[in-house]
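Combine the two chains into a complex, taking the hints into account.
Just so you know, the protein sequences line up as chains R and Y, in that order.
Residue numbering for the first sequence is 126 to 441, as defined by the working numbering.
Residue numbering for the second sequence is 49 to 579, as defined by the working numbering.
Don't read these hints as lab results, they were simulated from the structure.
All values reported here derive from a predicted model rather than from experimental measurement.
Even glycine gets a Cβ: it sits at the ideal position worked out from N, Cα and C.
Each hint should be verified, as a subset may be incorrect.
Said to hold, decoys possible - Heads up, incomplete: computed chain Y residues facing chain R, CB under 8 Å, no partners named:
1. Gly-67
2. Pro-92
3. Thr-93
4. Leu-325
5. Leu-328
6. Ser-329
7. Ser-330
8. Pro-331
9. Leu-334
10. Arg-422
11. Ala-425
12. Leu-520
13. Asp-575
Read off the chains here:
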Amino acid sequence: MAAVSSQRPRSRSPAAGPGGTPADPAIATSGLSKRYGATRALEDLDLVVPRGQVFGYLGPNGAGKTTTIRLLLGLHRPSAGSAHLFGIDAWREPVVAHQRVAYVSGEPALWPSLTAAETLEFLARVRGGSDIPYRDLLVERFQLEANRKLRALSKGNRQKVQLIAAFATRAELLILDEPTAGLDPLMEVAFRETVLEAKQRGQTVFLSSHILSEVEALCDRVGILRSGRLVDEGTLAELRHLSARTLEVTFQGPPPSLEGVPGVSVVERDGHRVRLEASGELAPLISVLARHPVENLTTREPSLEEIFLHHYREGG
Amino acid sequence: MTHSPAFTLARRTFADSRGRNVGYGLLFALVAYAQPAAYRNDYPTLHDRLGFVHAFAGNASVRLFYGRPLDLLTVGGYSAWRVGGILAIFAGAWGMLAAARALRAEEDSGRVEILVAEPVSRRTLFLAGVLGCLAGVALLWVALLVGLLAGGLPAGGSAYLALATVAPAMVFLGLGALACQLAPTRRVALELTGGVLLLTLVIRVVADTSSSLGRLRWVTPLGWSEELRAFAGPRPAVLVLPAALSCLSLLAAGALWLGRDVGSGLLSTRESAPPSLRWLSSPAALAFREERWSLAGWLAGSGFFALIVGLISTSVASAGISSSLRRQLRQLGGISITRPAGYIGLSFLFFVLAFSLFACSQVAAVRHEEAEERLEALLALPVSRSRWLAGRLGLAVAGVVGLSLFSGLLAWAGAAVQGAGIPLATMVEAGLNCAPAAILFLSIAALLYALVPRASTAAAFAVVSVSFVWQLLSAIVGAPAWLRDLSPFEHVGLVPAQPLKGAAAAVMVAVAALVAVVAVRVFARRDLVGP
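With the rest of the complex left out, here is chain Y (with noise of 0.2 Å):
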């Protein structure tokens, strides 16, 4: 049987993109059935949701990454909260990652001219694109749904939640369709998306923390997620906001796409400048130059973060703390996040989660240097691959150091105001933290370039989520000490709660030492390799 061209390419893009799909697609179910679980077993009598919600009534700071609870006393609106809160942002991630691989990244490799010139059309192209990534979206929609149902939720209110928490994905579908006529080129696409992305976040932020400004919740897709209020009073009249708003964006970038020259954006870019001689020196000052706004990027979005939760911790102060929610607490190390530093400590674990994708991300950019083969022209040169690997590591640590000290200064500076009365020497330490950890991401993610490069970028990400969704889930579902202690986020001291683990910091350091060393080592012995 002969299949159409565009059910052919629709089916390439979904495959393309299986890596991610059943990597998010297991997070979603995973985080969709243990969060149910979880509240059915640690809150069983309404006595103890009682104490739960009378915990977290008014209080803002935990709204910070996973939004604002509207019904915290069923098993439903609890979920709906906890799995409908984080996994949107996942959602939009995922939706503006799909859309330029699948609408841009072939036009980057030259690969779509082929395409253009067979007797395809360009509507075929791009609808097989969005309609791989649609079955992509499907995939998520079943993933959480079966998630939550194992998790014993009703099917007709799962559907619903799941349908809420993966709408932010068809709206970033559309407006990474939509990038990605105007950038030049992928990366600029996924910058610009990115950046979309993190306002919204931020505006989110702003609309559940202040007591004044929840109107905003209607102005983001994430927003518009929190307003269809699965499991408490649902409004699925909110639904045409994303589905209109994805409709839109697409059908732009539709008729965007039929219009413009393949292989550019409708954005216009320098195609050439004097020479600006800085950062020329060496390869690892060359890997700066390329990587600064990348750099400037994370530091301006973790700077942000690290401010507001500085300016929340002090919100917690005053509301009570149920028995449960205090057994809870105590399997994460046993603080009190009704204490600024109580909650500053457990928010930098978020950040040390963030600092390690940024040092994958430093390694994929090595990969990414040989992938494409420039490597070839480096080390063609008298340069010799231990250094130009070791530079490149040095400048991720940097990077990794310079973001948490960032971070911890800036939390200073949000407590400070709000009189929280954390010293300053404290708070740098709780910055610097976040460091051993991530380093030691890093180099694994060394490691597995070394060892395996066409893998390595997708196998470092999955090592850090694999051990930080472990370690939240190992303390609810009450694994043994020693298979918990396999996740490095275990070993991170919630500072400034309590002490720096220091020993543990030390030992995390030592062994991304040797790691970093064999890494390198190994490197030096193989084969380059291509993409």
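Only chain R is shown next, with the shape it has when bound in the complex (with noise of 0.2 Å):
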């Protein structure tokens, strides 16, 4: 990569940028929906990304994941509300927004024709500049072949090339939409300590994903996306709180009916083995159990992946 020669990033302050004040969110999005003919893509998103933050963005197929970003980028047009970057009309003014944002496509569509050092090269001369020592380092942490042709690479390895490109930005926003779909688990290792340092540096990072055990990796927030829809937003304690907590309780006898207790439900019935789930306060059931002799009871919280697919089957 020694050939290869940049300028510094232009500029690379938080200061606020044109149209927008040091006080904006890296994301804020109200009423944001996108139809395409009779399809509702996407409905009414209100979302806030503070900046600094790594926010993780979680929804099955087709949810209206990548419908956001498109729109967060002003590649697409909202059909009603709007996004901001910094406060910078994401449609109105994408130039201006795009000079603090770097994005990684789901799909690596990169010219063909070109190696990966060429379009690493290219890609930071459209932007005005790049952090070439921290691009060599990433190139060297990703173990990259920089003189082979791209239609000669893999995906994972395509994929690559838009990460480094994105990361050796510096920009204040990454927009990444499943960056790690066809890296190998060496590599997803790479990623993450990777976007550990942009958060060090006070880098926002938007992720879209469908690996639960990276977003609990590496997400203070997470929102959950359903047909178009927000259907949960915080962070992983707030999202965990809100749920239903696993129970397992062991009575010495016979256990008792518990299916008037308020915001309990059983789920299982095993001899004197009950397995229940409960959410909001504990109380009710507590006093319930109390006047019962129990033998063992367990209490775990729910993780990501039963948030998340408690979400998913929920009137899907």
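If you want it as structure tokens, here you go:
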């Protein structure tokens, strides 16, 4: 990569650019909606991602994740509502907004006849600069074969080119659309390391993903999208608090009827053992249990996977 | 009822190319009908026809695109020359496009891997692709036959002429299939076959326009079509040549397909290279970098034909000219093709057509960039949509102007060698005269791209083709002036025989600028559209 040269990034200060103030969040949408003909791809999305956070954007296939990203980037026009990046309207002033954004698409569609090094150079020049020493480090970290033509690279390797180009810009906001699809586990580790570095530098990351362990490991906050609607949003702790927790109670004798207890549903009965799901206050359940001889009681918080599946199945 | 996989796949191949098949079919039927009808109308008596023959006997210049006339005294003989001569080239182009679409496009997109992984043999896949294309050839043959019969020609001779005309489609289907096995991508396969087609045309031009190299007709598929001699002492035995070449190349292609890796060609390509950092500074620079070889091909091709036009422009001078021909030419603008300037002026109308098609191909490349979703990566950078599209259109305009200028210069050089005595400035003007109409078509293609991205490529090529055919036909069928004026080709002055139609050219450029501005604004307001 020594032959490649480029200047330092043009402006990387966290101060407000044109159209925004330093107080503006990295992403703010209000009533953001998109229809394609009769299909409602996204409905009434109100989302705020403060600066410096890593935000996980979850949803099944076709939920509207990529649509959201296309609206955030001004690639598609909102049917209603608006999206602002650092206070800049994403549709009306995309060029100003994009000076502070880097994007990695889920489909690594780049120019087949260019080599990886040429692609990185082209993207850096069109952007107006890139952090070259950091880029060289990333090329090393992701073990990119820089002289290979893009048409000769596998999907995962093309994805690396996009990731390196995006992270090397040191953009204030990184929008990543399922960036690790196609990466091997080793590269997944490299990716997580790079996202954490970006977070330490104060960059904001919007991470659309299917990989729950990745979101759980990286994200400060999570939004869950289903059929074009945001069905849940908050920190992982908040999501867990609001969701049902699982309790397993083993009684010394036959278990009592627990059906009438508010907020409790019985999932499974097996002899003296009962598995319950409880949401909201636990006090009514505990006062019922106190009247019976309990041999053992375990409780655990739901995993992100359970929260995720819970939302998908609900009404889905 | 369930169909065999081969039948299902063949039907899909056929349905896949229905747009191209319908377009070519209509063109073939229309031309096949119009030529005999017009000839019968314009030269009703033997006397008229003798005058026509006298004008064209030994006249090399008209053979450039139409080939060698054998019998101009009968409606059939004339039609064989005018229909067969030019449509054989189109048939070759059809065969090459059909092969690349049926046998390679699915592979580039990765879809063929899905089919190969199914319990469908490779042999079946290949046969189905070829069968789908053969159905297309049959369709073209029927279209020609219907047109010729409607034009009043006898059935047997028409069927034979139609066969002679579609024979190059079979040959280039085979050669295209072979190229699909050799080339690493569909685009390279098209470039390879396109190169062969161009070379074939060049050889035909040389064979038909020189007095001593007539034997070269036996070397190429286009020459074979001429040697089949429809309506002029037919020699059906010659059919063995195109049949053998297409069968052999299809067999070879099939054999290679059974033995090679899916997704790559037998010709090795460089998969890695040291970085070359030129032409990477902007999206427009990269577009030039991506398109430069195609641009060079266009320059070489149009330059060659411009040179030939210049070289043979003087050979028309001695021929007499009939009153009926004069009448026909008067409708095209009252020029005399027996003077070099007149001949060059008329020939350059074909250059206007070629450069308009070039303009469409540039907009097609723009659409390709969007369909492949590369544009998303680009527009997520601080790149303005309007500036991006304006840059691509600017590049296309520069290409059109460059091609026009280069053709003017080479036609001048050819004419100067023969002592035609046309000044350089006049030929530069003749060259540049090709640009306004092509630029107008460019802007129309851009507007179509902005409005109906998925249909834009086909629609843009259709607009150019229909305008051109209409300009030729409307004169023949005697359409009212306002209908004729709809075609931009009508407003191109036949420089150097006529003065440059400055006002018309200025209007075309102004309209083009306006349409382009609208196109850019519409594009800036629409969603990006995937494949």
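Here is what the structure says about each hint:
With 8 Å as the threshold, the beta carbon of Gly-67 (chain Y) stays out of range of chain R, its nearest partner Cβ sitting at about 23 Å, so the hint is violated. At its closest, the beta carbon of Pro-92 (chain Y) sits 57 Å from a beta carbon of chain R; the interface hint therefore is violated under the 8 Å criterion. For Thr-93 (chain Y), the interface hint is violated, since its Cβ never comes within 8 Å of a Cβ in chain R; the closest pair sits about 61 Å apart. Because the beta carbon of Leu-325 (chain Y) sits about 6 Å from the nearest beta carbon in chain R, less than 8 Å, this interface hint is met.
The interface hint given for Leu-328 (chain Y) holds, since its Cβ lies 4 Å from the closest Cβ of chain R, which is under the 8 Å cut-off. Interface hint status for Ser-329 (chain Y): upheld, as the beta-carbon distance to the closest one in chain R is roughly 5 Å, under 8 Å. Interface restraint check: Ser-330 (chain Y) against chain R, minimum CB-CB distance 6 Å, threshold 8 Å, status holds. A cut of 8 Å between beta carbons decides the hint on Pro-331 (chain Y): the least distance to chain R is about 6 Å, and the hint holds.
For Leu-334 (chain Y), the interface hint holds, the least distance from its beta-carbon to any beta-carbon of chain R being 6 Å, beneath 8 Å. Because the closest C-beta pair between Arg-422 (chain Y) and chain R is about 5 Å apart, less than 8 Å, the hint holds. With its C-beta approaching chain R no nearer than about 6 Å, Ala-425 (chain Y) sits inside the 8 Å limit, and its interface hint holds. A cut of 8 Å between beta carbons decides the hint on Leu-520 (chain Y): the least distance to chain R is about 39 Å, and the hint is violated.
Checking Asp-575 (chain Y) against chain R: minimum C-beta separation of about 4 Å stays under 8 Å; hint holds.
In this structure, the earlier hints numbered 1, 2, 3 and 12 are contradicted, and the remaining ones agree with it.
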